[in-house]
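**Q** Residue numbers (the working numbering), protein chains in the order written: chain E, 100 to 459; chain P, 37 to 325; chain G, 6 to 327.
None of these hints come from the bench; they were simulated from the model.
Please read all numbers here as calculations on a predicted model, not as lab measurements.
A couple of the hints might just be wrong.
[As the list claims (entries may be wrong)] So the derived label-pair ranges between C-beta atoms look like this: (1) G:A26 - P:L306: 44 to 54 Å; (2) G:A165 - P:A66: 14 to 24 Å; (3) G:H229 - P:R117: 55 to 65 Å; (4) G:F311 - E:E153: 44 to 54 Å; (5) G:F57 - P:P101: 48 to 58 Å; (6) G:L127 - P:P242: 15 to 25 Å.
[As the list claims (entries may be wrong)] Where chain E lies over chain P, by a calculated footprint (3+ residues, C-beta under 8 Å): (7) 213-222; (8) 232-242.
Virtual Cβ for every residue (Gly too), placed ideally from N, Cα, C.
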Amino acid sequence: MSGVTLRNVKKNFGSVEVIRDVDITIEEGEFCVFVGPSGCGKSTLLRMIAGLEETTSGTIEIGGRIVNDLNPSQRGTAMVFQTYALYPHMTVERNMGFGLLMNGVSKSLVKEKVAKAARILQIEKLLDRKPKQLSGGQRQRVAIGRAIVRDPEVFLFDEPLSNLDAELRVATRLEIAKLHSQLRGATMVYVTHDQVEAMTLADKIVVLRDGRVEQVGAPMDLYNNPANVFVAGFIGSPKMNFVDVNHGQLPDGRVLRLDGPNAASVATIGFRSDSLKPADQGNGMISAKVSVVERLGDAEYVHFQTPWEQELVARFPPEAEVGLDATFEFELSGKIHFFDANGRALANVMLASGAVAKPV
Amino acid sequence: MSDTAVASSRSQKVFLTPRRKRQITSIILAGICAVWVYPLIWMIAASFKPNSELFSNQSMIPIDPTLENYIRAWTEANLQRYFFNTLFVTVGSVVITTLAAALAGYVLGRRAFPGKWVLMGLMVFTLFIPQGYTIIPIFQLLTNLGIGQSLWGLMLATCGHNIVIFMLLFAGYFTQIPKELEEASRMDGVGPVKTFWYVMLPLAKPIVVTVVVMQALMAWNDFLLPLVITLANPAMRTLSVGIYSFKGEHFVDWGGMTASSTIAIVPIVLLFLFLQRYFIDGLAGAVKG
Amino acid sequence: MAVNHEVAASVKLTRTDRLAARIWKSRLDYAFLIPGLLVFGAFIFWPMIASFYYSALNWTGFGENAEFVGLANYRELLQDEFFYAAFRRSFAFMLATVPLQMILGLILAIVLNNKLLRLSTLFRAMIFLPVVSPVAVIAIVMVLMLSPFNGPINGFLLDAHLVDRAVDFLGSPQIALWTLAGIFVWKWTGITLIYWLAALQTVPAELYEAAKLDDVKTRQVIWHIVLPMIAPFAVVIGLISAIAALNVFPLIQATTQGGPFFSTEVMEVYIFRTAFAPASGQFPRLGYASAAGVLFGLSIMVLTIFQAIAVRRTRRKEAEDV
Chain E
100 MSGVTLRNVK
110 KNFGSVEVIR
120 DVDITIEEGE
130 FCVFVGPSGC
140 GKSTLLRMIA
150 GLEETTSGTI
160 EIGGRIVNDL
170 NPSQRGTAMV
180 FQTYALYPHM
190 TVERNMGFGL
200 LMNGVSKSLV
210 KEKVAKAARI
220 LQIEKLLDRK
230 PKQLSGGQRQ
240 RVAIGRAIVR
250 DPEVFLFDEP
260 LSNLDAELRV
270 ATRLEIAKLH
280 SQLRGATMVY
290 VTHDQVEAMT
300 LADKIVVLRD
310 GRVEQVGAPM
320 DLYNNPANVF
330 VAGFIGSPKM
340 NFVDVNHGQL
350 PDGRVLRLDG
360 PNAASVATIG
370 FRSDSLKPAD
380 QGNGMISAKV
390 SVVERLGDAE
400 YVHFQTPWEQ
410 ELVARFPPEA
420 EVGLDATFEF
430 ELSGKIHFFD
440 ANGRALANVM
450 LASGAVAKPV
Chain P
37 MSDTAVASSR
47 SQKVFLTPRR
57 KRQITSIILA
67 GICAVWVYPL
77 IWMIAASFKP
87 NSELFSNQSM
97 IPIDPTLENY
107 IRAWTEANLQ
117 RYFFNTLFVT
127 VGSVVITTLA
137 AALAGYVLGR
147 RAFPGKWVLM
157 GLMVFTLFIP
167 QGYTIIPIFQ
177 LLTNLGIGQS
187 LWGLMLATCG
197 HNIVIFMLLF
207 AGYFTQIPKE
217 LEEASRMDGV
227 GPVKTFWYVM
237 LPLAKPIVVT
247 VVVMQALMAW
257 NDFLLPLVIT
267 LANPAMRTLS
277 VGIYSFKGEH
287 FVDWGGMTAS
297 STIAIVPIVL
307 LFLFLQRYFI
317 DGLAGAVKG
Chain G
6 MAVNHEVAAS
16 VKLTRTDRLA
26 ARIWKSRLDY
36 AFLIPGLLVF
46 GAFIFWPMIA
56 SFYYSALNWT
66 GFGENAEFVG
76 LANYRELLQD
86 EFFYAAFRRS
96 FAFMLATVPL
106 QMILGLILAI
116 VLNNKLLRLS
126 TLFRAMIFLP
136 VVSPVAVIAI
146 VMVLMLSPFN
156 GPINGFLLDA
166 HLVDRAVDFL
176 GSPQIALWTL
186 AGIFVWKWTG
196 ITLIYWLAAL
206 QTVPAELYEA
216 AKLDDVKTRQ
226 VIWHIVLPMI
236 APFAVVIGLI
246 SAIAALNVFP
256 LIQATTQGGP
266 FFSTEVMEVY
276 IFRTAFAPAS
286 GQFPRLGYAS
296 AAGVLFGLSI
306 MVLTIFQAIA
316 VRRTRRKEAE
326 DV
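Isolated chain E (complex conformation) (with noise of 0.2 Å):
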């Protein structure tokens, strides 16, 4: 088993540049996700790795070897494709075999191998059926089967769960991550936009846009210290709330007081949503008029419109049963984060004691 190393690569498509000077270090046995919008170039990556794409500059390590030259299937990878890509005309147990078969195995070596995987994904009742015989969580446990097979050295997944309905997706995320700590030492890389997916499978989360890493880290990592305005918004649900600070104003005009030696410098700050508390009348910072209140049962997220009509949302207790065009005012309690006017996050800074005048 191996880790995978990306160094300064590059990617052109024609004139443009899919991948810009991307340095990603992934250790043997880690759990790495990339995590993005669409177009940010994760899946572009993944399939360079894969070797199903060439890479234009740059070198791309899979256990201390350079890969850039290898056919894809001499790389040691195995990759679950969004689609599946099972083959329709044959039965599960010949999908799971083929690649092995037609490179000469013998029959009953990829017997073996194949009853072994289908054993670990419990699929082993379906050998005998065809890809359109089995249900969406099913197909993917056969395409899952297939790497497995092939007893690679990194696994590669390219959003394969983005097909499944969403109570489907759940369970089969945590199938993968058992199958993860089941298969120790596996290296995975793991592609998707979903970053609930990739805050709960990962040991390492890549987020990307635009074909640059924007931060590397632990889930908890990204979500407490997020680097940028960027990964701060991209992680986490609901979304960070972010208010404009323009030359020390909020939005309204009113002055907010900061302190730090970098309090001069912030044009943003972001909160969760757990971080606004609502406050005695007179005594918030912020006051609001609800307009919608999602109710998830172990929460309610209340979505209220501020004096200078921004929407933004805040985290109740179940039980509170906010009711619509409700008014409150809300005081920051928590984690604040402060950034300056290219996004990067600051530190050093923090919120001086009465930081703003009551709302009027």
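Given chain E's structure and the hints, the job is docking chains P and G onto it.
**A** For chains P and G alone, kept in the frame of chain E given last:
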């Protein structure tokens, strides 16, 4: 005014329910179809009539049914030979055409290579040249290759008729197959030839069947090419041409002709009836494309 | 500026290299193409080119006696009554059969498209039967059926007192070509029916249902909804049928061989006669026949191009409507 129109259409419905309308339609259609296939049925019936009865007995059913037309056709008139000639040409050209068209269609539909669009343009251009007008060079080419009077020559030339349409049909179909399937087999280390044979060709089964059926139909029924090629070599005749050997200078053996016509028509009609769905879907595809 | 020029020059220099590299990289693609291209080249592309060359020869086809005559064949053709007559007959045949076949096929298709009609598959198969039957067989059947000597059709017509004397359908110069047109339509309507049925599949079932709920009569549904929707297909089907109607050689060669008195000699029959089966005492003239083939092929191509333009125009109009 519109009220009365609605009312009248309602009252009409009471007498002519949709169901009854369908029954009437069915009866009319059955009549049309009976007339439509009558000539073929009549011919098959006539093949069991002795020559003496063929024109005297106006009824379709033979008074004195006999197999002697068939016996005469099969043994004396060399029909046996023609039958196997036709079979050879049909099977051979079906195999070659299907494989050649599938291979080329696969490349044309899925791969980018220098010269692709020039080639596609040339092929589409030739699509509109009727076959009958190029018979002379084809005949000359076969003669120059030394297979001008042979079944092999006939069989190879028969492959040409629809090859462009077939290549385009395959190309169109292969374009729709998701590229992940090939990528999956690439990841599995399966080479391009094996991927074609084990993954892509089986997936293109509907087109394979269409091409097989269309080519078989064409080869079995072809007339101009076998006529020209066998002009000087009667032993190479196919059924379509061979059934005319019952037509002498002064006497026409109609009984033998109807019997051999029946022999010529039955295999291809059976093929059609068994593969009807593929046949019709495949042919319909030509319009949708 | 200067830098730009340099860049352009270096790009140009590498372009041939890159093309060579791309060709080398695609070598397997070319290998896959070989069998198909051999067949295509030998039996479609080469004959087209060769026709042009042959058409400039005076050549009986036997031995090495070919003589280059330039455009002489074409000049002679333009004076040849038989050529003009054959040309006219080919187009007359097309104009007679295509509309008939299309209308007949459309009517049958609309009726058979009804999914509630239980036997529609059977009916469709029956109409299709002549399509799969060899033309050579059809010819024999029709010669017998239409025979003026006790043929069943004449028998029926006489019994029903529709005619006084047996009609010589294929033997009288006035009607032989039209009889053949009728046979042709009978043989090929099945395939037009299939084309129309395919076109009708593109009309979503909801439209019929919506119309039914609005209490619109079937006839109105067909006229105002179905026909406009399948109209774009008419051009394609017409094109396919028209090309097919020019490939009528087998039927005519197997029935009348162009007779009586050349009244059914369409272009293909004319070419065949000049090239392979001249009247006794004359030599076959392969060069001359090739010239006729080229001229006729060109005129068909012109026709096709016009139709192709029509197809594109309707498609564009359709796109604009959407």
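**Q** Next step is simple, just say for each hint if it's right about the structure.
**A** Hints, one by one, checked against the model:
1. For the hinted restraint 44 to 54 Å between A26 of chain G and L306 of chain P, the CB-CB distance of approximately 53 Å keeps it satisfied.
2. In this structure, A165 of chain G and A66 of chain P meet the distance hint of 14 to 24 Å, their C-beta atoms being roughly 21 Å apart.
3. Distance hint for H229 of chain G and R117 of chain P: a CB-CB separation of about 59 Å, consistent with the stated range 55 to 65 Å.
4. In this structure the supplied range 44 to 54 Å holds for F311 of chain G paired with E153 of chain E, their Cβ-Cβ distance being about 46 Å.
5. Range check, F57 of chain G to P101 of chain P: about 56 Å between beta-carbon atoms, so the 48 to 58 Å window is met.
6. Checked against the hint of 15 to 25 Å, the pair L127 of chain G and P242 of chain P passes, with Cβ atoms roughly 23 Å apart.
7. For the region 213-222 of chain P, the stated coverage by chain E is satisfied: 7 residues place a CB nearer than 8 Å to a CB of that chain, which reaches the threshold of 3.
8. For the region 232-242 of chain P, the stated coverage by chain E holds: 5 residues have a C-beta nearer than 8 Å to a C-beta of that chain, and at least 3 were required.
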